[in-house]
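Peer 1: Chains as they are written, first to last, in the working numbering: chain E, 226 to 335; chain S, 5 to 511.
Hints are computed from structural coordinates only; laboratory data are not their basis.
Glycine included, each C-beta is placed from N, C-alpha and C at the ideal position.
It cannot be assumed that every hint is accurate.
Said to hold, decoys possible - Restraint ranges, calculated between C-beta atoms of paired labels, are given here: (1) 453/S to 319/E: 37 to 45 Å; (2) 249/E to 508/S: 47 to 55 Å; (3) 484/S to 229/E: 57 to 65 Å; (4) 375/S to 235/E: 20 to 28 Å; (5) 367/S to 326/E: 53 to 61 Å; (6) 322/E to 309/S: 27 to 35 Å; (7) 291/E to 79/S: 56 to 64 Å; (8) 8/S to 249/E: 46 to 54 Å; (9) 249/E to 375/S: 34 to 42 Å.
Each chain, written out:
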Amino acid sequence: MEFVIISVIGVLFGCGTYLILQRHLLRVVVGLSLYSHAANLALMVSGGLKRGNPPLLTTDAPYVDPLPQALVLTAIVISFGMTAFATVLAFRVRQVYGSDAVDELAGGEE
Amino acid sequence: MMPPDLFVLFVIGPVVTAALLAAFHKWDSFQRGVSLAVSLGLWGLSVVGLLSLLQEVSPDGGGIGGGIVVLRMGNWAAPYGIILVADVLSMTMVVLTMTVGVAVVVFSLRTVEQAHQEHFYYPLFFILIMGVNGAFLTGDLFNLFVFFEILLIASFALLALGSQPGQLRETVKYVVINLIASTFFLISLSVLYRTMGTLNMADLAHKIQTTSGELDPTLTILALVFLFVFGTKAAIFPLYFWLPGPYFQPSAGLSAFFGGILTKVGVYAIFRTFTLIFRHNPALTHELLLILAALTMLLGVFGALSQMDMKRILSYHIISQIGYLILGIGLLTPQALAGALFYMVPYVLAKSALFLIAGVVQAATGTTHLKAVGGLQFHSIPLSILFLLAALSLAGLPPLAGFFSKFIVLQAGVEIGRYGYVGIGLLGGLLTLASMLKIWNGVFWGEETGDRRPVSLWPLLPGIVLLVFFIVGIGLFPGILYSVAQTAAAQVADPRVYIAAVLGLKE
């Protein structure tokens, strides 16, 4: 199971990198959000994937590490906020420049 | 003696203030009054906090003990719960942040446009302060990530405030680069957690010290990924390319805070992780830090020399100065660490003061381009004096504070026979002087050229005077800051002190 998730992480990173290297800002934003999904999945796997065990330290039975879940929840909220900001920024760029192609932003120095 | 619980105020205080200011964002005088009062209050509190830590420090057989306050949120014991750790290093950084914060708020009272103020300038600024203070005080790598994100989102919004075309372009670059760096931060956190089973800094350091060397290759790779992440935030070679643009665009008060403090959060993260956690393979990691430091010093100052705009010269200088800080960390002797910290304080003060002065120049003449202004010394003598004091301190001329900073770092280099790096450091200092004189010649010296706007400059000066006052003070009494820096370095140079304080271990 971990192998599958790790492969998914790899695919997400590959697609994210491809999108970040595109000209259009909206694609860059989608690429960034794929990056954050990949990172969140990696965090989830970092505690080991187990099913059916309680996330408690006090029981004698084998338990699931609860920490990665707390971490991934925090990371999801953060990446949600960041993606929202990046989307609005891309929208604003489109409004001000009349285009969201990154190379159109060049110039205007000094 | 300050009660330990009060240390949480450096994180909670700004965020409560931000919420309050956001709720009453249409009420002009309330915004200014509360911002000034809270920043002054937190500044005073941070000084008291630092003094109470210093009071507690006691020599403890050969080493040093005490003087580290550990706050356990919800009273969960160290490796499990969220903790804040205030040692002398992090409290010094908090004091520095609040000093610059006060100066920037004082400057902002007079310069922030009405439209910006209505669009949550002050609330965002306090959220930024909360993120910075939190990053300095946290004792946990994941919370370091969280505080990084908090200060990032606040800085994104502040950079984009106003949505001028040039501003938007720089914000886009800054956002994309920082989000990519954050992703790598998160990935390396997950690998680190998988490898070590903890993200608490003290627990990590303890586990790395006690385990045998079989994990070393993984840890070294992780150390380098963390160096990439923090290096991007701190703008070290070769990751500094993003810095000059975004720091050039915003209003002067923000440039001062960004240029003075924000990159230093990255430097602090390198400082903390590479003195506490990743010390297993200094032959690789710390040698790499030295090489990067040398290149950062030189390329930053070359960049500065090639620019023709006051704010751009200052932005490139940030990069060069970060090289000196990294040099101190790379040398990893107590003397060098004390030097790096001693370097940080006057340099941050001088850098923020210079950015604020650039803001005054802009207010007086409408531009900061060296060719478009000249002879400003006839227009405002106090401003010229303030500039000279800050600039010469940055370049390291005695008896100003910057001289002692450079002297201590380079002396530490000489002591362990790293003459090459000392030479590069001296060359960097010389070129810094050259580029500061370039600003002086372009803006203040010579014939009066360029427009003069009919604005009174006096109200803009108090914040700058405050910063320059401390620069001169440190220059006249370097012993005080040096003993603080030595105490901080003694705590940091031996990770066992930190580990024992956080985990409650006894040798």
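Peer 1: It remains to establish, for every hint, whether it holds in the given structure.
Peer 2: These are the hints, each one checked on the structure:
A hinted range of 37 to 45 Å for the beta carbons of residue 453/S and residue 319/E is consistent with their spacing of about 40 Å. Roughly 54 Å separates the CB atoms of residue 249/E and residue 508/S, a value that falls within the hinted 47 to 55 Å. One distance hint, 57 to 65 Å for the beta-carbon pair residue 484/S and residue 229/E, holds here, with the actual separation near 60 Å. At about 52 Å, the CB distance of residue 375/S to residue 235/E disagrees with the hint of 20 to 28 Å.
Distance hint check for residue 367/S and residue 326/E: the Cβ-Cβ separation is about 35 Å, which falls outside the suggested range of 53 to 61 Å. A hinted range of 27 to 35 Å for the beta carbons of residue 322/E and residue 309/S is consistent with their spacing of about 33 Å. Checked against the hint of 56 to 64 Å, the C-beta distance between residue 291/E and residue 79/S comes to roughly 18 Å, which is inconsistent with it. Taken as a hint, the range 46 to 54 Å holds for the pair residue 8/S and residue 249/E, whose Cβ atoms sit roughly 51 Å apart.
A hinted range of 34 to 42 Å for the beta carbons of residue 249/E and residue 375/S is consistent with their spacing of about 37 Å.
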